[in-house]
Amino acid sequence: MLTFTLRRLLFAIPTLLLISLLIFLLVDLAPGSPLSQIPLTVPPDVRMKIMEAMGANEPVFVRYFLWLKQFFVVEPLVLWDHWWGTAYSADMQRIVSWQSRSPVMDTVVQRLPQTMTVIGTSYILGVMIALPIGIYSAYRQYSWFDQIGTFIAMIGFSVPTFFTGLVLILVFAVNLHWFPSIYDTSLRVTDWASFTQQVKQMAMPVMVLALYNAAQISRYMRSSMLENLGQDYVRTARAKGLTERIVVMKHVVRNSMIPVVTVIALGIPSIFGGAIITEQVFRVNGLGALLIGAIQGSDLPTVQTLTFIFAVLIVLFNLIADILYGLLDPRIRYD
Amino acid sequence: MLDAKPAKKLVEVKDLKMYFPIHSGLLRRHTGDVKAVDGLSFDIFEGETLGLVGESGCGKSTVGRALLRLYELTSGSVTIGDEDIAKLSPEKLRTKRPMMQMVFQDPQACLNPRMTVAAIIAEPLDEHTKLSADEKLEKVYELMDAVGLNRAFANRYPHAFSGGQRQRIGIARALALNPKFIVCDEPIAALDVSIQAQVVNLLEDLQEQYGLTYLFISHDLSMVRHIADRVAVMYLGRIAELSPREPLYADPLHPYAKALLSAVPDPDPERESGRKRIILQGDVPSPSNPPKGCNFCTRCPEVIPICHEVKPDLAEVRPGRFVACHLVKPDNNTAAGSTGLAEDFEYNQQGEPKQ
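Quick note, the sequences are listed as chains U and F, same order. Last residue of the first sequence: 335 in the numbering used here, with the numbers rising by one and none dropped. Last residue of the second sequence: 690 in the numbering used here, with the numbers rising by one and none dropped.
With the rest of the complex left out, here is chain F (with noise of 0.2 Å):
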């Protein structure tokens, strides 16, 4: 069914780079950067979920955030609708805003504690909108319907709740303007697993009820596989792999993918005991000083010399799967080139082969 979906682009990111400066030494002068995401490329179509997964500080919340220019960009651009929001004017920017939002990863620290719920979800309509104070509070009622909370819990502070019901306060928050593109940033992060499936399955809910688009951040990779409809990796602010789901899963191509995902866990004891785990040796390098060439070189089990000198880029090497390795080379009968994407996607986006 939802093959018939039109694959139109909605967020579509050109070399994204996102440096934060490093000031040291007595007159603190800019002495290097923190490349957290450096040069990333890619699109987000209308209605998926894009997964974004990748160990703690390979920049997953930068990008998020830089997306919705929560940060100002170094380079690159990023378009979402037919807009280049890196380039837009503060005031330009404020008035798109409504169309695009995010859900925050810690649900405690993101709501102002001194407003009420209804106060804290009402706020954007007050700046966006002109509706009186009653439709205010009609609209306020229906998102606390939408989202699952007490219509009665309208008048109390963010203190009073619980993990799970102030992260719906924030899906609540973030759906009030009617966005097309959601951000979800390591939204289940702070709550336990009981509370996560809910949350999940409230986004997933919310996602066809008002054709929403999201980029799905985590570092839970069974939660990704469960949400997601093409999963990106990503190593050290680099895209190492962009994949529909299941492929991803079932045969990951790039080195860093393999050895991520030979990390989740199988529910089935008898595959799990004899799940072979890569072990990958030595730590992340540092951003500020991400070494030359591949930036996984450092740690790759397959590792040639030519890793160590040239960067490899993300090409299509399979159809609608990305991978940025030297090692993985395009198959000839399938090398369609970026012209067949579109088609291409369509077939791929579920990650299922059409029947």
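In isolation and in its complexed conformation, chain U is listed as follows (with noise of 0.2 Å):
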């Protein structure tokens, strides 16, 4: 299991290279200036300037390898140097955004935790919900309430979350007035009042991400219930004369979770890319705003940051996925 662990992360490496440098130049060739956003009253000679200041000016392959080197070698050092208190990376030129001048790894580390609650919450709630709704509805198949829970499914699957969410806030804060429609992002949790006001401004976004999330790991969990519940070695638990929630739990759930967890693992990087559009309608200040506003902003290092960041994340929880599946899977062995 270790070697294998190993091994992938070592091919891990060149597929990133070729990620970033895919990216870096997707962006580069996307049409837009980083100073389209500014005033035309502004002489050329001047803008010049800016451009040689940022140092956007340069080949974009100086510029790809100058990232590099940034992203894989200061950025971390930096962050050696906030741990440890030392001063390795005290004069080298960090990732710096063109739109606010400030790093960029600064301001993903600011906008984390505002993702991280909203989504991360949206996430875990949808697979909660998801898991029992799945297997009740396998179990029961074609019953009232699978049928009910596959209509919510399929509106759940086919609805955008862009939809839902201005349906949400049309019903809840606009004419009930029960949860407030934008994120406040400054509010600090230190009491009970604070508390409920947190939990009220998160209920919305949660609400339509956890539908969403929900409808697809549902969908999965009962198919794979169903596939289990089908197999011989469900009729053998029965001769044995197993009680029927021994069957269930036992045999056929942490049978049909196999698959279902590896859809959960490789599912959570979408927490931090996936819910762009989301936190956009709810006006949370997370890493999917700050991506929407980079792109506006023809923001080069932000996006090509960010996006990067994303891919690492999708290809780190593709091997988890895959660890997962050969803990649980017995007959699954690497190496």
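One should not assume that every hint holds.
[Said to hold, decoys possible] Here are a few chain U residues that face chain F, going by a calculated C-beta distance under 8 Å:
no., residue
1, Arg8
2, Arg235
3, Arg245
4, His251
5, Gly267
6, Leu327
7, Arg331
Keep in mind that the hints were calculated from the coordinates and are not lab data. Just so you know, even glycine gets a beta-carbon here, dropped at the ideal spot from N, CA and C.
Build the complex from these two chains, which are given one at a time in their own frames, with help from the hints.
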């Protein structure tokens, strides 16, 4: 297992390098200039100087290798210095946003908690809703519960989150005044009152994303359960005279969880990247909102860095899903 | 020696019916039934092996599963010991399970892939006994010895075993709770021939050792001849003939039994060259729409008009031999009736005349 993991990590390096190059070229080739938001009254020679100051006039490969060095050498050193109080990175150039002129990584670290609380909660909630629904609808296939579950899952699947988000805002914020329509990032949870306020402002984005996640995962769970319920070993378990509870929970659910756990693990990177639209709808000041803002301002370093972080997460969780598969299923052994 | 054994009924099946509903149309309405088992009555005596043969799809496996109530019966009664298991509540049925077990057809699929051999064999003990962990492990080892598995394999997973070994695990699992009655549902069909003999011999040894009663379901007529004391021939959800082994193989009475047994190859090349096969015409009718009258009337080479009208009942035509056919009439001198059955059975159980 260890050799397998190490080998996979080694293989991940060229993959990630290729991904980073592709992202860099794509973003660079996209139309738009980092100065498009600067007023037209600024004279061309001043614009030129701004470009030079940002390094945006360098050839694309120079910028790419500079970015590589900054991402893989400078930023880890900064982190190291931050943790241990050393000063290795003292006069090194960090990845700097063209928009805010501050280090991209600092912004990412600032935005991460918002994304994690809102999107992370919705993912956990979605999984917790999806698993029981999936298990029960498979156990009572074609029952009313199953039919309704299927219907709701289809809605969650097919209606985009920006639409459900707006509908929720219309119903719960505009008409009922239950929840605020805008997420207040500066809110600090210190006492009961601020905690309820936090729960209230989280409620709608969490509901929207939980519906979406639960719809997907419950379908996986249901089909995996159905596949296992028809297996011969389930009949064996019944013939042993086990209680129905043990038959379902111990035999069927455990075996059905193998593919579902990997699906859940593979979905985790989407916590970071996939909720861009929802963050935008509810004005959650998270990573998604940061990415959208950077794309609009042609802020190449920020877009590049964020997208690459998402790519790393996806590769990493793919590996985690494979390892989980090997741990859960005794039939699968690596190396 | 076996003649001395009292012929006590262990399993008594009366008019067993197992229909699977067909739902069709836009509203999935109940439009018909697949009559997998359609009115079966037979007994299995303590310590004997009853073979159940028939072609694919005739309902053999359904009978086996219905007997242990792995399906909910459509109607009829199955008395095992002294309780009608068709009418037991789920909880009482569960506590009754230790005495009746099953060895399944597909040794690959019938073992939970995520449990070790020891866990698979010990699980019934967890549920039905109060043994300590050490006692359970000791019992697991004993069972593994009994079926000829190396004790060192206890912590391996089923996928690490060959088909024959897996079937041994399945048998050990079935034996764990000291059952009296075991349904062997084609236990050798998925194994290759050399392993088949091993497993069948193992089953015979265990029968002797633990005094088991088997219902042995198979489509392998030679193997049934080897292991069974009496044999029931099934066709389309009904029993065509139920006879002791030797008379059945020597002189089948029902036209379907004749046709079926004529397909068994003879190891003696001289006799084999003279063997006459009865080739049946046509296909098996659909069990969702069986023919009126005798269900074999569409293919029977000896069919007479009454066969299309009246369903023949399974009747004792010779001592211990039950046939459902209008053409086979009871012999006058041996029409003992059902009261004489118990005594006759002693004579017939082994399929050999008493010396």
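These are the hints, each one checked on the structure:
1. The restraint placing Arg8 of chain U at the interface with chain F is violated, with a minimum CB-CB distance near 23 Å, outside the 8 Å limit.
2. The restraint placing Arg235 of chain U at the interface with chain F holds, with a minimum CB-CB distance near 6 Å, inside the 8 Å limit.
3. About 11 Å separates the beta-carbon of Arg245 of chain U from the nearest beta-carbon of chain F, more than 8 Å, and the hint is not met.
4. For His251 of chain U, the interface hint holds, since its Cβ comes within 8 Å of a Cβ in chain F; the closest pair sits about 6 Å apart.
5. Violation of the interface hint for Gly267 of chain U is found here, the shortest Cβ-Cβ separation to chain F being roughly 23 Å, above the 8 Å cut-off.
6. Hint on Leu327 of chain U is violated. Least Cβ distance to chain F is approximately 11 Å, over the 8 Å limit.
7. Restraint check, Arg331 of chain U versus chain F: the minimum CB separation of about 5 Å is within 8 Å; hint holds.
The structure shown violates the earlier hints numbered 1, 3, 5, 6.
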